[in-house]
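*Asks:* Each chain is listed here by its residues.
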Amino acid sequence: MITLVDYHAGNLASVRKAFEHLGCEVAITEDPERVRRARRVVVPGVGHFAATEQLSRAGLRDAVAEAIAQGANFLGICVGMQWMFRDSTEAPGLSGLGVIEGTVERFPAGAKVPHVGWNTLESLGQSRILAGVPSPSFVYYTHSYRAPVVTETVGVTEYGAPFSGVVEKGNLFGVQFHPEKSGTAGLKILENFARLAC
Amino acid sequence: MLTKRIIACLDCHAGRVVKGVQFVNLRDAGDPAELAKLHAENGADEIVLLDITATHEARKTLVDTVRRTARELFVPFTVGGGIRSLDDASAVFDAGCDKITINSAAVADPSIITAIANRFGSQAVVLAIDAKRRRNSAPPDRAGAPDPTPAEVYVSGGRKPTGRDAVEWAKEVESCGAGEIMLTSMDRDGTRVGFDCELTAAIGSVVSIPVIASGGAGSAQHFADVFREGKADAALAASIFHFGIESIGQLKQQLQAAGIPMRWPL
Numbered sequence: 002m003i004t005l006v007d008y009h010a011g012n013l014a015s016v017r018k019a020f021e022h023l024g025c026e027v028a029i030t031e032d033p034e035r036v037r038r039a040r041r042v043v044v045p046g047v048g049h050f051a052a053t054e055q056l057s058r059a060g061l062r063d064a065v066a067e068a069i070a071q072g073a074n075f076l077g078i079c080v081g082m083q084w085m086f087r088d089s090t091e092a093p094g095l096s097g098l099g100v101i102e103g104t105v106e107r108f109p110a111g112a113k114v115p116h117v118g119w120n121t122l123e124s125l126g127q128s129r130i131l132a133g134v135p136s137p138s139f140v141y142y143t144h145s146y147r148a149p150v151v152t153e154t155v156g157v158t159e160y161g162a163p164f165s166g167v168v169e170k171g172n173l174f175g176v177q178f179h180p181e182k183s184g185t186a187g188l189k190i191l192e193n194f195a196r197l198a199c
Numbered sequence: 409m410l411t412k413r414i415i416a417c418l419d420c421h422a423g424r425v426v427k428g429v430q431f432v433n434l435r436d437a438g439d440p441a442e443l444a445k446l447h448a449e450n451g452a453d454e455i456v457l458l459d460i461t462a463t464h465e466a467r468k469t470l471v472d473t474v475r476r477t478a479r480e481l482f483v484p485f486t487v488g489g490g491i492r493s494l495d496d497a498s499a500v501f502d503a504g505c506d507k508i509t510i511n512s513a514a515v516a517d518p519s520i521i522t523a524i525a526n527r528f529g530s531q532a533v534v535l536a537i538d539a540k541r542r543r544n545s546a547p548p549d550r551a552g553a554p555d556p557t558p559a560e561v562y563v564s565g566g567r568k569p570t571g572r573d574a575v576e577w578a579k580e581v582e583s584c585g586a587g588e589i590m591l592t593s594m595d596r597d598g599t600r601v602g603f604d605c606e607l608t609a610a611i612g613s614v615v616s617i618p619v620i621a622s623g624g625a626g627s628a629q630h631f632a633d634v635f636r637e638g639k640a641d642a643a644l645a646a647s648i649f650h651f652g653i654e655s656i657g658q659l660k661q662q663l664q665a666a667g668i669p670m671r672w673p674l
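Protein sequences appear in the order of chains B and X.
When we follow my numbering, the leftmost residue of the first sequence carries the number 2, and every step to the right adds one.
When we follow my numbering, the leftmost residue of the second sequence carries the number 409, and every step to the right adds one.
Hints were generated in silico from the structure; no laboratory data involved.
When the alpha-carbon atoms are kept at most 27 Å apart in a straight line, the in silico DSS-like pairs for lysine-lysine are as follows:
#1 B:Lys18 x X:Lys445
#2 X:Lys445 x B:Lys189
#3 X:Lys639 x B:Lys113
#4 X:Lys579 x B:Lys113
#5 B:Lys18 x B:Lys189
#6 B:Lys18 x X:Lys468
This one's a predicted model, so the numbers in the text were calculated from it and none came from an experiment.
Chain X with its partners taken away, still in its complex shape (with noise of 0.2 Å):
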């Protein structure tokens, strides 16, 4: 039976992991070869390796990191962050990821989607959305249809509003050629509340590819909601795996009790 992904995400700025509050008060979170490869021991499906600071001075040490990284992984390693060329994609490709992540760049010119898609492969690359809650929006009606347009595509690290349609922007980005979907609720990212699961949902019933949900994990709970009521085909967590808060193992083993079909054992 095909299993529900664990996704664990790497947040890098210079070549060391960090974890922040909204890219604030960033704290030494270790080594990204080391924690790369123990979170695959520990259970991890994938790992994803977000580069925050992605300046045209890092791009060096991000390939770098990479490399290293990618070294002893035998997972799938997505890579993110900055990715503004095929150039750019096809340099963290020859380190060694297996997929890289875009969106700003998307939003400027989709054609960079089936560009990177074309060279390798639509399984390659994945559409990352952060979303953000309309606040006029109306609150989701769970008898009926998922709220025709529950959120706007935020680009720039969540910066910049881009006016686009979450969900519109989904089926956009899977007719160009992009192979998995990350969505990040940036209303959730950090509040460790839980994971959007309507916007998960209405975004992955308009999509055929694979939908990652991010932001809000907090809880193995959480992670079975996403799953159930978010249709998600897999979820991803950064920081609670980095300080023991939920060990991926003991996760996995929750939900699996839950019903939700893992890879556990390994």
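So here's chain B without its partners, still in its complex pose (with noise of 0.2 Å):
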């Protein structure tokens, strides 16, 4: 079962979808109690990060810190990817899940804003999320700040300077890009999303 996180940010259509085209069941909630009790939660979300705040009022970030202290398997995507990073220029004074150490910030002036598109997303080293993913594969991107490269990162993506495309901490994965909308790289990163034990 995938609980999927709806903090009515977006559109969560495309997400089921693709965990219910790989056979998956999906529960898509916005009640903390359920996602406490979830083993494999994901956060998506699109636009902006001050639209993660709605998550810290629902109680749905405390609920997502006890499912992980649980070991749970957490995957976030795009915004929900930059939520697990400690804050964001593009909201400052929010914080964010803080798993991860690092701010993300606006791309560097010179590159065109936002990156939409299909880019290229190499892989850093051993990953259990990128498991069967070629490097390079083409993902598909949209979204106008960036995490930057830390020790976590296991597939960088470049757009003026390298940012982090996916993240992997334990049993926490983020990635930037759109799996569900991202061909068979992405399609093959939810199953392995969806295979790791918990």
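Make the complex out of the two chains shown on their own, each in a separate frame, by following the hints.
*Replies:* And the structure:
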């Protein structure tokens, strides 16, 4: 069972559909109690980092943190991945989940923003979430802020400068692109997540 | 490297893909779900489904078509035609599309752009601009700056002129929260003589959001021209892909050989 956290930021139909295509059962919920007990938690997201404030207001931030403490597997997508970091210059003063050190920042001057389209993702070293995904692979991005390359970075993309396409820390995973829209490479990543033991 | 996108467009009428010239002599070109999947497998970076009936009675058919088409499609999927409200947009997003395009409704009330962007994110709002060169427009000055007022915005499927300047309108929709601009040259649409590169470049020079060029595709060279001279981020075509005049794979290989970054091989 994949628990997809609904905090009213964007459209969850595509992510649900991709997991269902892979044969997974998907529950979409905004109930902190269900999230707390979940074993596979997915936080999607689009738009502005400030949207994640709703996770705190709805009690979902604590619920996700508790599920993680209980050993749940976690996947953050797009803003959901950015939320794994300490904070973002897009919404100063607002904290992310903070499971990964670092600050999400706007693309450097000179790069056309937003970064929209298919770009290459290159693997860095061993990764469970990228197992079986060729390097490089094309994945679909749409965003204006990006996470720096950190020790947890396992997939990197270059736009102006290299940034984190995929992060992995124990059972916690984050992808800046949209795996549900990234063809076979994206589906493989979602399948890897769904099949991890937990 | 960020690649240039090739977008396949499906014009739909009553749940079927159709192709005609200026919306007459419609020929049946197949089932939208099957064609979308086929185009994606052949290398389309994105699929756009435009409902050209867009009457009230057809809304339910459209939502069903979107649901069926989205089911097995794992590349970005955009739906447009007759979206007039946040509710209309919500219905097709719920059915599984990733972006919507709006045109007439945004001209009538630009706040709809902001309303949809606030709920679904700017990346989900593609502003369609149907533009026609003004008849007395000066010929483009290739050496200097682009003609400042090259084209007028039309709505209602190209039937109604609005008096708005396309370049000014592009700036406004970006500030309202649109995430991309889909620029269709009405002068070139269906002609297969090439995209309007000057107009595409003029729009691209005033916005930072991506510009999708549409109208006039007839050969690989036309795509190369609009990516280079038109500075387009993406280019869209419909009929040439349906009837096998240009396979998407062949097109991408030719463009790649010409030095344009493509998602190829997939």
